[in-house]
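Enquirer: Going down the list, the sequences are from chains A and B.
Numbering of the first sequence is given in numbering that gives the first Met the number 0, commencing with residue 0 and proceeding in unit increments.
Numbering of the second sequence is given in numbering that gives the first Met the number 0, commencing with residue 0 and proceeding in unit increments.
Hints may be right or wrong, so weigh each one.
Claimed, not checked - Chain B is faced by these chain A residues, among others (derived, beta-carbon under 7 Å):
#: 1; residue: 61
#: 2; residue: 62
#: 3; residue: 68
#: 4; residue: 70
#: 5; residue: 129
#: 6; residue: 134
To be verified - With a straight-line Cα cutoff of 27 Å, these simulated DSS-like cross-link-like pairs (lysine-lysine) come out:
#: 7; chain 1: A; residue 1: 72; chain 2: B; residue 2: 69
#: 8; chain 1: B; residue 1: 69; chain 2: B; residue 2: 180
#: 9; chain 1: A; residue 1: 162; chain 2: B; residue 2: 90
#: 10; chain 1: A; residue 1: 180; chain 2: B; residue 2: 117
#: 11; chain 1: B; residue 1: 180; chain 2: B; residue 2: 170
#: 12; chain 1: A; residue 1: 170; chain 2: B; residue 2: 117
#: 13; chain 1: B; residue 1: 61; chain 2: A; residue 2: 162
#: 14; chain 1: A; residue 1: 117; chain 2: B; residue 2: 69
#: 15; chain 1: B; residue 1: 117; chain 2: B; residue 2: 145
#: 16; chain 1: B; residue 1: 117; chain 2: A; residue 2: 93
#: 17; chain 1: B; residue 1: 117; chain 2: A; residue 2: 72
#: 18; chain 1: B; residue 1: 72; chain 2: A; residue 2: 117
#: 19; chain 1: B; residue 1: 180; chain 2: B; residue 2: 93
#: 20; chain 1: B; residue 1: 72; chain 2: A; residue 2: 93
#: 21; chain 1: B; residue 1: 180; chain 2: B; residue 2: 146
#: 22; chain 1: A; residue 1: 117; chain 2: B; residue 2: 180
#: 23; chain 1: B; residue 1: 145; chain 2: B; residue 2: 90
#: 24; chain 1: B; residue 1: 69; chain 2: A; residue 2: 61
#: 25; chain 1: B; residue 1: 90; chain 2: A; residue 2: 61
The hints are simulated quantities; they were obtained by calculation from the structure and are not laboratory data.
Virtual Cβ for every residue (Gly too), placed ideally from N, Cα, C.
There are 2 protein chains.
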Amino acid sequence: MLDASERVSKYCGVLVGCVVVATCVMCGTKSLAQSSAAAARSTNDASPIFGVTIPPGYRDWKLIAVDQLKTDKVDQLRAQLGNDIAIRAFKEGKVPFPDGSIIAAMHWTRVSSEDNNKVLAGPFPGAQSFVIGSAVNVQFMVKDSKKYAATGGWGFADFKNGKVGDEALHKTCFPCHEPAKAHDFVFTHYAPTP
Amino acid sequence: MLDASERVSKYCGVLVGCVVVATCVMCGTKSLAQSSAAAARSTNDASPIFGVTIPPGYRDWKLIAVDQLKTDKVDQLRAQLGNDIAIRAFKEGKVPFPDGSIIAAMHWTRVSSEDNNKVLAGPFPGAQSFVIGSAVNVQFMVKDSKKYAATGGWGFADFKNGKVGDEALHKTCFPCHEPAKAHDFVFTHYAPTP
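Construct all of the structure, not just a fragment, from the sequences and the given hints.
Expert: Here you go:
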């Protein structure tokens, strides 16, 4: 069995972007202040191969969906956001996504909420609430059918604390997304409105 | 032990709004078309006690956080969205929330994604991906410190398929939120930006 760093250099994860097991080794080792400082410092970094940078203001984009990923190394709550072009395509159910679409995938550690569990314990014995622990990484898929023709029209990027991942990591992104070809290489589907 | 309907009449859940175990009995029994039709029909319904209606366009509000809730009856992925007034307060870390703040809590069933698991199986044996199954309900907290003075300044509402819950259900909302008094009765905290 490959170790985490070997595996992450060979494979990109699923659900919009890469799983990035290796980056999780550092989870929780940096304070929020450090994280913010790093993000402020490094927002102009571009991803290897694709040249994708962190889109300003992406944290305020609209919600596509949420999910959870659990491996032997990773236990995450996740959310995917889209810029207006991507959101329109999701709502209309149209693929391929038009050029200019950007999808942001935010990944956080999943932790048990003792505070919530205390409240739940009375009415719902055994209930378990899981909330966000700390930020792990953010990934982007940028649609440009000409520029990124060799990778299904998508450029990829992975950032942790504002620092972009290396070339080996970014080589794994597209091969992992290929099984989602029927949905224009995007795993995430738009969450229904309750 | 109380049955689901008895329990839901006595207790409101956590994490912004009510858990609404009873409403989950009907999960998956209505088609998407029925759900959409119901939503279109009933968006002018107001919640008992509080008179809160579904805010138009709330699905496009900005993301506050995500979480997961598991009880003996419920297995959910959840997301909380906020209108601009609420989001500003969350970002500034200020409580109490100003009048006009609205928080929307969307709840979906959590299901295993066989498609994603197939992709993960190669690089991450035993990995598990969980995604959104179907919509369960949406809940709102509306801040009006005068109108809702008796309930911490918050009015509550719970909708399933666009249909508002009954008075017994809405009586449980504020008592459940009281343990979060130090955070202005809001359980959810703003998710850090990766």
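Enquirer: Next step is simple, just say for each hint if it's right about the structure.
Expert: Hint by hint, here is what the structure shows:
no., hint, in the structure
1, 61, "holds, 5 Å"
2, 62, "holds, 5 Å"
3, 68, "holds, 6 Å"
4, 70, "holds, 4 Å"
5, 129, "holds, 4 Å"
6, 134, "holds, 4 Å"
7, A:72 - B:69, "holds, 22 Å"
8, B:69 - B:180, "holds, 24 Å"
9, A:162 - B:90, "holds, 23 Å"
10, A:180 - B:117, "holds, 14 Å"
11, B:180 - B:170, "holds, 17 Å"
12, A:170 - B:117, "holds, 20 Å"
13, B:61 - A:162, "holds, 24 Å"
14, A:117 - B:69, "holds, 14 Å"
15, B:117 - B:145, "violated, 54 Å"
16, B:117 - A:93, "holds, 24 Å"
17, B:117 - A:72, "holds, 18 Å"
18, B:72 - A:117, "holds, 18 Å"
19, B:180 - B:93, "holds, 13 Å"
20, B:72 - A:93, "violated, 35 Å"
21, B:180 - B:146, "holds, 18 Å"
22, A:117 - B:180, "holds, 14 Å"
23, B:145 - B:90, "holds, 24 Å"
24, B:69 - A:61, "holds, 26 Å"
25, B:90 - A:61, "holds, 16 Å"
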